[in-house]
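Peer 1: Sequence:
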Amino acid sequence: VHTLDVETAGGDDSEPRTLACSIAPLHRPGNRGVGVVINLTDITERRIQEERSEYLAMHDALTGLMNRTALNARLQELISQAQRKPDAPDWAVLFIDLDGFKPINDALGHHVGDDVLITTANRIREIAPRPDLCFRLGGDEFVVVVTGVRDALDALPVATAIVEGIQKQIEVGRNTVSVRASIGVTIHPRDGNSVGSVLRNADLAMYEAKASDDVIRFFTDDINTRVMERMHLE
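Under the working numbering, read the sequence shown as residues 17 to 250, first letter to last.
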């Protein structure tokens with residue numbers, strides 16, 4: 017069975033359709049071939065639903081950014097590429113969390129909160145070097161992957177631009193609101209050589225940024241020690 021993409025007749029009203037095509041030989045007694053039977057079935061709607069399901073499996077329904085599943089798959093792909101090519105450039109993970117988002121949700125409602133998240137996602141997508149490497153993990157957490165970095169400082173301009181872009185005021189109906197961002201940064205493979213370790217350490221650096229006056233923090237072993245001590249104390 018093969019699939020064919022065709023245009024329906026009708027001039028300006030034509031639209032693409034997808035057909036499933038099966039071809040079977042037609043025989044007479046004595047096994048003499050006399051022709052073929054071609055069966056065409058319109059599967060356009062089924063294909064649309066399949067593509068929609070595939071999209072929703074890898075994308076965040078609210079913002080249109082890729083989701084956690086897509087992030088894990090993309091990071092694993094980058095790690096595998098680095099293992100095949102040890103001289104390949106490093107890449108950075110920017111773990112972004114919004115400050116001041118919950119009060120907006122509580123005071124103005126989730127519809128306003130959703131608009132803030134959509135606007136924030138659009139700003140991140142516009143600022144990031146590669147829009148296809150922007151992700152929403154859920155809630156007010158986002159991740160941006162920056163490829164082709166030589167050291168941590170190469171990721172700093174992107175992180176700074178995201179902080180500045182996010183903190184600009186947002187007009188939602190008759191409301192003017194603003195949020196800030198805290199960002200934790202890790203570099204592969206210096207700060208981890210697995211999907212879990214890279215994301216975990218970026219998350220730790222982000223929480224360290226929240227606990228300090230800095231809005232951007234790069235992961236260090238000291239951060240890991242302090243966070244673990246704080247968790248044990250709690």
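Derived from the structure by calculation, the hints contain no laboratory data. Incorrect hints may appear among the rest.
[Claimed, not checked] For lysine-lysine, the following PhoX-like pairs were computed, each having C-alpha atoms within a straight-line distance of at most 20 Å:
| id | residue 1 | residue 2 |
| --- | --- | --- |
| 1 | LYS101 | LYS184 |
| 2 | LYS184 | LYS226 |
| 3 | LYS118 | LYS226 |
[What the hints assert, rightly or not] Simulated restraints, written as ranges between beta carbons of each label pair:
| id | residue 1 | residue 2 | range |
| --- | --- | --- | --- |
| 4 | ARG190 | THR85 | 57 to 63 Å |
| 5 | VAL52 | ALA89 | 24 to 30 Å |
| 6 | VAL52 | THR85 | 25 to 31 Å |
Computed from a predicted structure; not experimentally measured. Think of the CB as a built atom: it goes at the ideal place given N, C-alpha and C, for glycine as much as any other residue.
Peer 1: Next, verify each hint and record whether it holds.
Peer 2: Here is what the structure says about each hint:
1. LYS101 - LYS184: 40 Å, violated
2. LYS184 - LYS226: 19 Å, holds
3. LYS118 - LYS226: Holds: LYS118 and LYS226 sit about 15 Å apart, inside 20 Å.
4. ARG190 - THR85: 57 to 63 Å: Taking Cβ atoms as reference, ARG190 and THR85 lie about 37 Å apart, which means the hint is violated.
5. VAL52 - ALA89: 24 to 30 Å: 42 Å, violated
6. VAL52 - THR85: 25 to 31 Å: Once the Cβ atoms are compared, 43 Å apart, the range 25 to 31 Å for THR85 and VAL52 is violated.
Comparing the model with each numbered hint stated earlier shows that hints 1, 4, 5, 6 do not hold.
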